[in-house]
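Asker: Residues per chain, in single letters:
Number of protein chains: 2
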Amino acid sequence: MTTIAPDNGRPIAPRSGALRPLGIDDVTITGGFWGERQELNASVMIAHAQDWMEREGWIANFDLAVRGGLPQGRRGREFSDSDVYKLMEAIAWEHGRTGSADMNARFEALAARILPVQEPGGYLNTMFGRPGQQPRYSDFEWGHELYCLGHLIQAAVARARTAGRDAFVDAAVRAADHVCAEFGESGRDKVPGHPEIEVALAELGRVTGDEKYTRQASLFIDRRGHGRLADIEWGRSYYQDDVPVRDAEVSRGHAVRAMYLAAGAADVAVDLDDRELLDAIIGQARRTFARRTYVTGGMGSRHTGEAFGEDFELPPDRSYSETCAGIGAIMLSQRLLLATGEADYADMVERILYNIVATSPAEDGHGFFYANTLYRRTVGDVPPADIASPRADSSLRAPWYHVSCCPTNVARTLASLSSLVATTAGDTLQVEQYMPGRIVAELPAGRVELHVETGYPHEGTIRFTVVNAPDRWRLALRIPAWAAGATIDHGSRTFPAEPGHVLLPASPAVGDTVELTLPLQPRFLHPDPRIDTVTGQVAVARGPLVHALESVDLGCDVSRAVIDPAAGIEERDGDIRVSVRILPEANAPWPYRPGSPDSEPVEKRLVRLTPYHAWGNRGPATMRVWLPAVQG
Amino acid sequence: MTTIAPDNGRPIAPRSGALRPLGIDDVTITGGFWGERQELNASVMIAHAQDWMEREGWIANFDLAVRGGLPQGRRGREFSDSDVYKLMEAIAWEHGRTGSADMNARFEALAARILPVQEPGGYLNTMFGRPGQQPRYSDFEWGHELYCLGHLIQAAVARARTAGRDAFVDAAVRAADHVCAEFGESGRDKVPGHPEIEVALAELGRVTGDEKYTRQASLFIDRRGHGRLADIEWGRSYYQDDVPVRDAEVSRGHAVRAMYLAAGAADVAVDLDDRELLDAIIGQARRTFARRTYVTGGMGSRHTGEAFGEDFELPPDRSYSETCAGIGAIMLSQRLLLATGEADYADMVERILYNIVATSPAEDGHGFFYANTLYRRTVGDVPPADIASPRADSSLRAPWYHVSCCPTNVARTLASLSSLVATTAGDTLQVEQYMPGRIVAELPAGRVELHVETGYPHEGTIRFTVVNAPDRWRLALRIPAWAAGATIDHGSRTFPAEPGHVLLPASPAVGDTVELTLPLQPRFLHPDPRIDTVTGQVAVARGPLVHALESVDLGCDVSRAVIDPAAGIEERDGDIRVSVRILPEANAPWPYRPGSPDSEPVEKRLVRLTPYHAWGNRGPATMRVWLPAVQG
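Line by line, the protein sequences are chains R and C. Here numbering that gives the first Met the number 0 is used: the first residue of the first sequence is 0, the next is one more, and so on. Here numbering that gives the first Met the number 0 is used: the first residue of the second sequence is 0, the next is one more, and so on.
There could be a bad hint or two in this list.
All copies of an identical chain are treated as equivalent in the list; a pair is satisfied when it fits inside any one copy or across any two copies.
[Said to hold, decoys possible] Subject to a maximum C-alpha distance of 25 Å in a straight line, what follows is the list of computed SDA-like cross-link-like pairs (lysine to any residue):
| # | residue 1 | residue 2 |
| --- | --- | --- |
| 1 | K603 | Q630 |
| 2 | K189 | P243 |
| 3 | K211 | E309 |
| 4 | K189 | A585 |
| 5 | K603 | D310 |
| 6 | K189 | G340 |
| 7 | K603 | P504 |
Since the hints were made in silico from the structure, they are not lab data.
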């Protein structure tokens, strides 16, 4: 094993690719939209999640394992260990980000409770293998053992890249060795029901420099899709065991499973130089973005199986858009950005960050959306404050869920967020995401340091000041696809900037400022006519922020609103208002008629829209993103 | 008990109401759209259903019960007895309709296998109460015991009204007496999970003239809605035990349960002169038709729980529109027509007949749709010919289902169909449904006999010839709400006829002809803008027939079609064609854009639409009723 040492806190560190990532040591976010959320994560969300997992007994399961209290006292679902590991991953990144002694102590305290549970061979799970429990590896479909080990390894990867080798990292290596021994070429010919081990092993291969982990991940990927898992009611597509990974056309089945699998496959393809696999994953991702993704970047159209629907089956009201699927799609998109250098993957990362990752947590950090619907038809019940909730039955965020994968996923994403901000390619630095802060990159030509000032996404100006730079280097800025008319000012020149990575013609020198202006005038979005559930409807966006109409702004149920796009969008004091006709309460005896579909409105007025990520923070409400347009 | 004797074969015989029904002895259908289907039912469907129930062992369960072979040998679901009874009801009506000796023999042969299973107290069920089975009445939520007894009683009601009293009718009376004793005022304070016993007891009260059965039905209805059934995952609304029947605003939960319950409540309200209850049912029905019903008359927007959705939640692709829910809605609508005399209930009957009842069976009578979707997105698998299918996973009709309530429901509806054709009110005869044949009514003033000639719904002319009539009588014709511009010719005069029951000013005399002309030019239908899943889309109807676009006519998947309503609808050789733009295969990387939503079409052409009831008879296909319209 090569030395395991911090690697600038890179959550993803591929061996090759068009772009190289920077880590959380290289990029610091100072305030603004995301800085506030990172602070809320550090001060509230991580503790909130840990408190709930103590309360629900998910952490105590490890103590019980040590004391011989299992299976009698075990609480939580079969995958609850994984949420403890995801929390540890969040804590590791947070410790890496700020050096917080409290975070370090939290990590070590959790590690101390978990490590004694590891069995001599490396296996670790509170649910299986003890007297009175199901035997180890007796349920590949639903047991989640390899999924849990995957998250254990990911937590260790974060720890290794922020703090270096320790007992927890060593334990994860032992766990990975156990997986390789148990499931290697000559081992059990199986695949896990829920992918995650693949991406984890690939990253551990990077951390350790040992390709056997990458090869094991590759083996899991190539075994998949041949019907090794049981044919369940929802079909083997549920866990992507219906079609070999290389042959699949598009993402299908359980959306989180699909995204984690694709992210792992991208890692393996890059590290093993498996171009065929990479091309397959790129094709699947492109078709999935084009046909099976909501305007928010959300994925999963069906509550049944938390699954993708068919092409263009994207009903707003049934939008499951699980927060974790969004995070999985960021994992995949960021990998494909690095592999291909194509800027629209960073567009996807941005879209999901602002409309899924930012939407899940409540403004106070004490509640989360598990599913992120685009049309909340009824107000629903208020989630209880003191007990865990079912997954998706309210217009308000619940403090905790029976299945609570999302809060810890948000926490680890926020803590490691700055790694998404910039990439390098030779002596070129690309800025991918715009947040105030500092970017440092050690290019072959020398060290670059930029200060970034911006009120984005509320303001469209992003100002870069070059604090340090070599003579020859290049700066590229990502122009989002929506930002037609963007301009870049450098020196005395103003350049028009088309969507994509725009390379500045001259190397900015120390002391230079570069100013990017992204036009933020709000715009209507029209859906592809194949998306049958929103024909004749429009959405409103401003910059990366999709907006929504909430009943608390409309004053009545949102089903009664029809929008008049011809009246445009008014922007005032940072608020967006649209002209809405309010239909009378339903009274027609039969709702299908010849002639114009518009009822005579009882009122026309300007109504405020709220950024989608902010909805549901002002009490129970109905809400919709897509608004029927007045028929011509 | 008063004499039980045939009553002109009336399936519904309320004690009072604005209109009186005619029976299958009074009205004969001779050919045409429905005559062909009645013949197919008699010659194919009834035998098909009986053969499958023999094959699946559902009939043999009764033999096993006699031989002591239960529970070991029992096959089928807990409610399989009911399908045998629904088949017997169909056979009874069919025997009554034609006097067929074969049908009479079939009825008697089935009765002979069933009657020995009845226990001395009147109870009868193959699933409960024997050693090794669950105890009698131990599962009100899912046991379906009262549901099965209800269908037993309904079969006996049909037998009594077509053949008079026999051993099977007596057995049903004993079963009803058992129910009254077991669940009366001083009996078990319970309600059944699936309504049906209510409507059955109410009809038995009419057959026997004994109000105790009506009062027992009333008791079940008033007990309902107070949480006597368990609170299941889908909530007590699933079986309408959430809100008292008198207090409910709208239909909700399982659609078949909701309709059967409402039909039974309407019977009880009419027979016990319970105006409050009748008003409640009328209000619920009107709100359900206005907000929770598909353009086909289908009900049930959710596969989960086979249930109604919220108001205006009517997604075409998720349309469950169970065939049995449609038949339940006919049962309810016909009762409300009789109770109130309001013609739009007959419009609803017509809509459901042509678009649900006619849609379920295959053209050859050997397959059935269980669910009636409005947008079939994928071709799906071909249902196996030799084994029962799941409920809703193909674009083709399956020969039989694991739950196969629909085929026998279609069979009993077709066999008794002529009872829906006309009503009387004093000396007025209303014709409600237009089919070629003969209508005989004994009015207080004397006997009326009309011959009806029509090619409806393909042709809009309906010609009535008065064969017999008293001096003073009145003829009223129902003008459907869609038939603006209808006219009536009588003698030398032509009257414009507005929607509703139109009373002819003069009494037609013997030898007179009256000619009704319903304008059948095809029309676009626009949905209420609150129906969010079809905004900006149109449907096409001609007379009562909703039409659909099938991929076998389009030549590619229907998701690629956009209709141009401005180009109108072309009618030629009985076919309807619309101007369609065919979109290119999807290729945009991101399907949400500023600007016009229409992709540049690859082709524009006229495409034939198929009547919805006829779709899926030409091999696997995708299909949709609502078509996106070109945006202005």
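Asker: Looking at the structure, which of the earlier hints fail to hold?
Answerer: 3, 4, 6, 7
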